[in-house]
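**Q** Using the supplied hints, reconstruct the complex from the two chains, each of which is provided in its own coordinate frame.
These protein sequence lines map, in sequence, to chains A and B. Counting in this note's numbering, the first sequence runs from 182 upward without gaps. Counting in this note's numbering, the second sequence runs from 21 upward without gaps.
If you are wondering where the hints come from, they were derived from the structure by calculation, not from laboratory data. All values reported here derive from a predicted model rather than from experimental measurement. The C-beta atom is built at its ideal place from N, Cα and C for all residues, glycine as well. Don't take each hint at face value.
Stated by the list, open to error - Selected chain B positions facing chain A (Cβ under 8 angstroms, derived; list incomplete):
| no. | residue |
| --- | --- |
| 1 | Asn-28 |
| 2 | Thr-84 |
| 3 | Asp-164 |
To be verified - Straight line, CA to CA, 35 angstroms or less: simulated DSBU-like cross-link-like pairs of lysine-lysine:
| no. | chain 1 | residue 1 | chain 2 | residue 2 |
| --- | --- | --- | --- | --- |
| 4 | B | Lys-480 | B | Lys-519 |
| 5 | B | Lys-83 | A | Lys-254 |
| 6 | B | Lys-224 | B | Lys-83 |
| 7 | B | Lys-83 | A | Lys-202 |
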Amino acid sequence: MSKAILQLDALSCPSCMQKIKGALEKQDGVENVKVLFNAAKVKTDFDGDKISADKLSDTVTDLGYEVQSMKVK
Amino acid sequence: MKFQRYINQHTNQITLITAVLIGVGLLGKVVDSDMIYTVSFIAASIISAVPIVLRAVSALRFKTISIELLVSIAVIGAFIIGEYNESAIVTFLFLFGTFLEDKTLAKTRHSIKDLTEMAPTTAMIVDDDGNTEETDVDFVDVDDVVLVKAGGQIPVDGEIVDGSGHINEASITGESKLVTKGTGNQVFSGTILDNGTLKVRATKVGDDTTFGKIVELVEDAQDTKSPAEKFIDKFATYYTPAVLIIALIVGLVTKDFRLAITVLVLGCPGALVIGAPVSNVAGIGNGAKNGVLIKGGEVMNTFANVDTLVFDKTGTLTEGKTAVTQFKDYSRDQLALQIATAVEKQSDHPLAQAVVKFSGDHHIPFEDVQVADADTVKGRGVKATANGKNVLIGNLRMMNDENVDLTSEQRQDLENIQGEGSSTVIVAFDGQIQAILGISDVIRQGVKQSLATLKSLGIKKTVMLTGDNLQTANAVAEQIGIDEVHAELLPEQKVEYVKQFQQEGHKVAFVGDGINDSPSLVTADIGIAMGSGTDVAVETSDVVLMSSGFNELIHAYGLSKKTVINTKENIFIAIATVVALLIGLILGFIYMASGMFVHEASILVVIFNAMRLINYQPKAAKLDPDQLSVGE
Numbered sequence: 182m183s184k185a186i187l188q189l190d191a192l193s194c195p196s197c198m199q200k201i202k203g204a205l206e207k208q209d210g211v212e213n214v215k216v217l218f219n220a221a222k223v224k225t226d227f228d229g230d231k232i233s234a235d236k237l238s239d240t241v242t243d244l245g246y247e248v249q250s251m252k253v254k
Numbered sequence: 021m022k023f024q025r026y027i028n029q030h031t032n033q034i035t036l037i038t039a040v041l042i043g044v045g046l047l048g049k050v051v052d053s054d055m056i057y058t059v060s061f062i063a064a065s066i067i068s069a070v071p072i073v074l075r076a077v078s079a080l081r082f083k084t085i086s087i088e089l090l091v092s093i094a095v096i097g098a099f100i101i102g103e104y105n106e107s108a109i110v111t112f113l114f115l116f117g118t119f120l121e122d123k124t125l126a127k128t129r130h131s132i133k134d135l136t137e138m139a140p141t142t143a144m145i146v147d148d149d150g151n152t153e154e155t156d157v158d159f160v161d162v163d164d165v166v167l168v169k170a171g172g173q174i175p176v177d178g179e180i181v182d183g184s185g186h187i188n189e190a191s192i193t194g195e196s197k198l199v200t201k202g203t204g205n206q207v208f209s210g211t212i213l214d215n216g217t218l219k220v221r222a223t224k225v226g227d228d229t230t231f232g233k234i235v236e237l238v239e240d241a242q243d244t245k246s247p248a249e250k251f252i253d254k255f256a257t258y259y260t261p262a263v264l265i266i267a268l269i270v271g272l273v274t275k276d277f278r279l280a281i282t283v284l285v286l287g288c289p290g291a292l293v294i295g296a297p298v299s300n301v302a303g304i305g306n307g308a309k310n311g312v313l314i315k316g317g318e319v320m321n322t323f324a325n326v327d328t329l330v331f332d333k334t335g336t337l338t339e340g341k342t343a344v345t346q347f348k349d350y351s352r353d354q355l356a357l358q359i360a361t362a363v364e365k366q367s368d369h370p371l372a373q374a375v376v377k378f379s380g381d382h383h384i385p386f387e388d389v390q391v392a393d394a395d396t397v398k399g400r401g402v403k404a405t406a407n408g409k410n411v412l413i414g415n416l417r418m419m420n421d422e423n424v425d426l427t428s429e430q431r432q433d434l435e436n437i438q439g440e441g442s443s444t445v446i447v448a449f450d451g452q453i454q455a456i457l458g459i460s461d462v463i464r465q466g467v468k469q470s471l472a473t474l475k476s477l478g479i480k481k482t483v484m485l486t487g488d489n490l491q492t493a494n495a496v497a498e499q500i501g502i503d504e505v506h507a508e509l510l511p512e513q514k515v516e517y518v519k520q521f522q523q524e525g526h527k528v529a530f531v532g533d534g535i536n537d538s539p540s541l542v543t544a545d546i547g548i549a550m551g552s553g554t555d556v557a558v559e560t561s562d563v564v565l566m567s568s569g570f571n572e573l574i575h576a577y578g579l580s581k582k583t584v585i586n587t588k589e590n591i592f593i594a595i596a597t598v599v600a601l602l603i604g605l606i607l608g609f610i611y612m613a614s615g616m617f618v619h620e621a622s623i624l625v626v627i628f629n630a631m632r633l634i635n636y637q638p639k640a641a642k643l644d645p646d647q648l649s650v651g652e
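Looking at chain B on its own, in the form it has when it is part of the complex (with noise of 0.2 angstroms):
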């Protein structure tokens, strides 16, 4: 056992001596020595299978037919018959190529590690007399404070109690702009403070943290094989016992050893093993770099062959968060806004805290409006005095209520703003209006181009489902162009949706925020949750995109249809490199150590071509999203 950790250790030294010793080989062939032309590839021959043989023996007693073990065999044999200088070549070439293997598979498993090695290491626990102790983040229990200085890495999932700061979140999120936190505010593990001081207290610690999630659904994902893999593994354990019979079969019915022997050489499956892993290592790492958790070669393979996209509205196609998107003013003095503001400045209504919104973007000044004997009618709207006037703020059933009238120019706007979907919020003086405010879900940014862009990768339909009621529905339909809308459905409806389109023979991805649709997530082919990772819908989708942008979605699609294709090419490549190594041995010019050369060329080949997979990026989400939405 000490011997093969000591042999394990030093194959690169062991490669490089069989290289030097090869060198030495020809030189004395070039000076016509015999002798050190023969010694030095036998003294190469031996060194160099040494490793081999050890892995051939110790996968054997696991009862499993290795590679080592077919090159074992070619080469004692080769050994035998006096070929020394084939079987020093083919061993040094199977070791040579393994050390490349090592480098270049390190390279598409970069990304992974680089995410790993983002881990936070240590934090500084604050005690209950305000002193700090550093220690291991292993030791951080919940319920700890711990202190977080500028260029820190905050080392748990928590709470911000003291102090704020800018955080780079993009070890979460994939997006690394600064934002700003305070008191009050969740930090995740993982981020990194930019400027300011913290004192977070630990709400989650280690592998349960966000970022630790994140790490271990990665990991696994790598691991978790697709349908290609499967198969070729099982491919595998059969397939190399089968070379071993086959050049029994040749040596037996020929007579001839070293067409045997040549047969275990090329008979050895290496592209065909590496080609399909390491094509979704690589697709996987790609998209944790970019914001795109994909669970795996399964779903890569699926989510490539979706074809419809079902959207829940809420949070997904819309922000979920309400703001003014209309504003007619009567009064042309923004005074009504003023004084709208102060009024509902006191309420905590979603449509109140739009409007108080919207005058703050637009730096309307309302401090100095006095505002007295604010009432709220419900279902209607505020009844209030504001620098003596009567306002009225609310609804129409409230106007009507109230006897004000609107003139046809107002009714006019007001049915216009309806018509669009949105809710309205009217503002009246003393029995006059004087400014309709219209309120509605924003829509994300770009979606109408995101849409059309995954047309162009192979989405043939979209379709949104909501819970709203069917003309806000509509409204945002035809501002985005989707192509099918079902409205005012229950969570139970929207699964049925998804289980009538695969029915119709459709593979569905259904994407979600998680809130209230895991049932649909978890139905469909394939369960995308965007949002900023509710722990829900991180556990039960198959894609995850950690900032919720379109241009993630797109990404993730692209991806997993390039993955696929690059998986197909890598099988493609090594299946060729078998037929055209047998067309060359019956032809009569491969040989046992040419063989091995093109079988380690292939090798590499696969692996590169899978490299290319890990800069992979979608070409339309290249575009500036700012100039896509102009026009929405």
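One chain only, chain A, in its complex shape (with noise of 0.2 angstroms):
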């Protein structure tokens, strides 16, 4: 299992976090969604052998969130 820690733009609206979570859980090999909204941030765990952390920040891109940064470790 890795952990990747995505950086976003400011988050608005405190709904935005429950489409980030429910989007990110829906992908397998994928675990343990944390959508920090205060801190514009996501952190979740995920099976590098399922999927890779490229495709993580493109779902999150593809709802309509800026990706600023991704750690990856």
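**A** The following block contains the structure:
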């Protein structure tokens, strides 16, 4: 399991959190999604064999949120 | 998806275009042109509805009935019945309100953003040949040696292996006084080297550093909800669909379509959803800026209700360092102190070190004293020969063993010093007592005044628990004016006391330094770590005071009270707005556009109200702490 931290542009509506969380959790190999509303960060565990980090970033971008940076470890 | 992103990125431009179109429309009315008026408002309605409808749809896909959905239905409804001006103004107000909310929300998050932006980004790694290479801070490993130059930021937690300098540790301790550090000292990531050059061996890097932990903790804290927020979240999930159903019923019963869509707009829970979280974010941000880490809204809430403060003595009420607090000199020529210092300099016993420090502070010269044959007598003291005299430095038992008698004046002094809870060191030459020193745990500056301030803020009872002997404990308690003292306790007995207070119905906060009192920190309703951030304390406690000052404790308590009041004010404003709107609707002077205006205004009011917390400072803490400690 790897851990990814995505820094997004500022989030303004609390419902954004549910959207992002829901969309990521639907992906195979993604677990423990945590969206920090005020810090505009997404923290998640993912299985590198099932899904790539770039795919995670794309999922969030497709929802309409700009990803500023991503850290994977 | 692409389209939605494009719209999201250009919402501000859309808002602006809408504003211009509404302006043109109003102008059309002035020049009496129905065509300009109608076309402008239709265009404005359609353009500004796009982002709102898109957001409503994307929330619906995740089975969420959002505020945007209520607004979308209302606007489309207004459009259908030809109320173009209403639909245009409602959508514009909604978009413009959201824009202002974003801007003002950013302000309340500012303190935390400042904090995260203080994180170091690059590091100069020194390789084995002494060459340096600049890299991203993420690529530094434990045991790498990094070079830090004057003005630079220390990129890792580590130990100085070479060089020295003055460091500004404000990012960790909240205190901007420069600290001098040299080889062997610990430095922290995120602190700034004011002058000098350092080579630092990394012991912790990235998110594991104290700074990384603080940032993570504060970020998590902001999203940890208070009970009020949790309730409102739950409420909102049912409230929004309920408004939809009520509007439907109103429409069916009254057959008044216009009234039904007006209900949709008025029912938006805007200020209610944002009011409580925004207070907490501002409050936690204020704390982070002032060296107080409060772990979330729930902690804020509980802390505000605390009425009993329980302190561990050592390291919290006292500094945990011993110092000479009494000095009785019977030789009147300082020779006793000079010789005592020269002899004690060779010992690392805490009492001996206190004596040496005392001489250093008073510039007592002792370099010329010739010391020979120093012998430690266990449990008694030291015997030595110095400047040709037979020197005894030790406790009363040593003097009795060596048949050195105290005069009645000296005996009285000794009893007085012991009565204050101090340890005593007696100095004698050739069978004559020369001096008696009282050495005790130093009480922190301004504790007495701080405890009084905490009482004025709402604390009912203060308690001291300590493993020390009863005499010392009582002496400290008397000086600082604490209500209750329990001494000679083991860590598990401290926990028992905390539980007992809780059973008596008190809300208890335990203040400790995290060394051997973690169980009490966890058991208390609120655990407050007052230590220079030992890892255990930072993790197990609810509130962390970064520079361990009493001013911070007052700040934390005052801040939590203020934040809770602020939250309540915001909830009140939100509910009052909805009630006022409903009354206005029934009496017939509130319509869609004016309703939306009041809503958006109320949202801004709660945000501005929360922003008052950003600059909160407790009143008493502004007094000069040096003045407060006079007379102690």
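**Q** Double-check B/Asn-28 for me: the hint is only fine if its C-beta lies closer than 8 angstroms to a C-beta in chain A.
**A** The hint holds - B/Asn-28 has a Cβ within 8 angstroms of chain A, the shortest such distance being about 5 angstroms.
**Q** Does the alpha-carbon distance linking B/Lys-83 and A/Lys-254 stay inside the 35 angstroms limit?
**A** holds, 33 angstroms
**Q** Is it true that the CA of B/Lys-83 sits at most 35 angstroms from the CA of A/Lys-202?
**A** holds, 13 angstroms
**Q** Double-check B/Asp-164 for me: the hint is only fine if its C-beta lies closer than 8 angstroms to a C-beta in chain A.
**A** violated, 17 angstroms
**Q** Taking only the CA atoms, is the gap from B/Lys-224 to B/Lys-83 under or equal to 35 angstroms?
**A** Roughly 44 angstroms separates the two Cα atoms, so the pair is violated.
**Q** Check the hint pairing B/Lys-480 with B/Lys-519 against an upper bound of 35 angstroms on the C-alpha distance.
**A** holds, 17 angstroms
**Q** When the nearest CB of chain A is found for B/Thr-84, is that gap smaller than 8 angstroms?
**A** With a minimum Cβ separation of about 6 angstroms from chain A (threshold 8 angstroms), the hint on B/Thr-84 holds.
Hint compliance for this structure: hints 3 and 6 are not met, and every other hint is.
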